[in-house]
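Assemble the complex: chain L is given as a structure, and chain B must be docked to it using the hints.
Number of protein chains: 2
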Amino acid sequence: MRPYVKKDYPLSEIRRLLEPGPVVLVSSAWRGERDIMTMGWHMMLEFTPALVACCISSANHSFALVKGSGECVINLPTADMVDAVAGVGNCSGGEVDKFSAFNLTPVAAARVGAPLIRECYANFECRLHDARMVPRYNLFIWEVVKAHVATVPKHPKTLHYRGEGAFMVAGTSVSRKRRFKQAYL
Amino acid sequence: MRPYVKKDYPLSEIRRLLEPGPVVLVSSAWRGERDIMTMGWHMMLEFTPALVACCISSANHSFALVKGSGECVINLPTADMVDAVAGVGNCSGGEVDKFSAFNLTPVAAARVGAPLIRECYANFECRLHDARMVPRYNLFIWEVVKAHVATVPKHPKTLHYRGEGAFMVAGTSVSRKRRFKQAYL
Numbered sequence: 001m002r003p004y005v006k007k008d009y010p011l012s013e014i015r016r017l018l019e020p021g022p023v024v025l026v027s028s029a030w031r032g033e034r035d036i037m038t039m040g041w042h043m044m045l046e047f048t049p050a051l052v053a054c055c056i057s058s059a060n061h062s063f064a065l066v067k068g069s070g071e072c073v074i075n076l077p078t079a080d081m082v083d084a085v086a087g088v089g090n091c092s093g094g095e096v097d098k099f100s101a102f103n104l105t106p107v108a109a110a111r112v113g114a115p116l117i118r119e120c121y122a123n124f125e126c127r128l129h130d131a132r133m134v135p136r137y138n139l140f141i142w143e144v145v146k147a148h149v150a151t152v153p154k155h156p157k158t159l160h161y162r163g164e165g166a167f168m169v170a171g172t173s174v175s176r177k178r179r180f181k182q183a184y185l
Numbered sequence: 001m002r003p004y005v006k007k008d009y010p011l012s013e014i015r016r017l018l019e020p021g022p023v024v025l026v027s028s029a030w031r032g033e034r035d036i037m038t039m040g041w042h043m044m045l046e047f048t049p050a051l052v053a054c055c056i057s058s059a060n061h062s063f064a065l066v067k068g069s070g071e072c073v074i075n076l077p078t079a080d081m082v083d084a085v086a087g088v089g090n091c092s093g094g095e096v097d098k099f100s101a102f103n104l105t106p107v108a109a110a111r112v113g114a115p116l117i118r119e120c121y122a123n124f125e126c127r128l129h130d131a132r133m134v135p136r137y138n139l140f141i142w143e144v145v146k147a148h149v150a151t152v153p154k155h156p157k158t159l160h161y162r163g164e165g166a167f168m169v170a171g172t173s174v175s176r177k178r179r180f181k182q183a184y185l
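The listed protein sequences correspond, in order, to chains L and B.
End of the first sequence = 185 in the numbering used here, gap-free, step of one.
End of the second sequence = 185 in the numbering used here, gap-free, step of one.
None of these hints come from the bench; they were simulated from the model.
All figures in this text were calculated on a predicted structure; none of them were measured in a lab.
It is possible that some hints are incorrect.
Same chains, same names: a pair is fine if it fits in one copy or spans any two.
[Unchecked claim] Listed next, the in silico DSS-like pairs over lysine-lysine satisfying Cα-Cα at most 30 Å (straight line):
| hint | residue 1 | residue 2 |
| --- | --- | --- |
| 1 | 67 | 181 |
| 2 | 177 | 157 |
| 3 | 154 | 67 |
| 4 | 154 | 6 |
| 5 | 181 | 157 |
| 6 | 157 | 146 |
The following block holds chain L by itself, in its conformation from the complex (with noise of 0.2 Å):
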């Protein structure tokens, strides 16, 4: 399974992705610094155009990347990835250069100047829709404009921060499709 092999994915499905809440990791690059940072507030906020919300601070050392760029790309990590997903979240970009720190593979993206992640299941390519909300709430809205995403498997192993460092593994599925109305699939 590992490289994870990655296709271009239809923009207006990466809710299926994100939408249960995965903790994410966001590259960023900007005048010849490059950071990742971990992030467990985000949302979805549209289809067309992919929107996603997010909530970076500016404590972090990606802020200034991202604002100033205007570009970020969110990488999405499986559970093998926990020690590097802490590791990330315990450590300042201003210190460490945090892909060679946890042996994580800068590659290029094709629409943005910030590096995706290799060895994550997906990655999402995104550029600043709307930064009106940042100096209130370090609230960012990008647009998604590219998405990589692993064929395999289908249900990636995600996790999700539960605080007091735990993380929660994505678990089995339930289907209640025959209870769906088709256009809420």
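Quick look at chain B alone, frame taken from chain L:
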């Protein structure tokens, strides 16, 4: 375990339940009407005050109730409620009373007019904090003013929507507490 025995819960800690990204049930009441909707597009926005951002489409019957009253309750259902969750998400409050239709019990809240849903693991009473992004994005920012959370089990088996009528059920926990800085726990 049922019905859940709930206690007051510190507002600054509600992220432990919402950050993993569960589907929630939003209950509301306004001008003699009440309704429930499912919601998967939400995120934490601030610890103190405890702010939660969410997207509620104006196509929902609940939209007028939450906007008109400026209040709602965010209720956290567990996997045993999957039929009610799928049911609530696939009919309109304009046609049915969802409390009756899905055997959900309304309980008076302490600080808002919207009812709690008794069967849920947790209930977060919310007052509208900022509606300025509603016209453009259907983006509401709520302040949680009171939280009721079950004491057992510690980790509820929440539901996380994967699309196509399928929910991921919260899985096992993996701790990396020893790798966390105290301030980040």
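Results of checking the hints against the structure:
no.: 1; hint: 67 <-> 181; verdict: between (40 Å within a copy, 26 Å between copies)
no.: 2; hint: 177 <-> 157; verdict: both (21 Å within a copy, 20 Å between copies)
no.: 3; hint: 154 <-> 67; verdict: neither (33 Å within a copy, 38 Å between copies)
no.: 4; hint: 154 <-> 6; verdict: within (12 Å within a copy, 36 Å between copies)
no.: 5; hint: 181 <-> 157; verdict: both (27 Å within a copy, 25 Å between copies)
no.: 6; hint: 157 <-> 146; verdict: within (22 Å within a copy, 33 Å between copies)
Hint compliance for this structure: hint 3 alone is broken.
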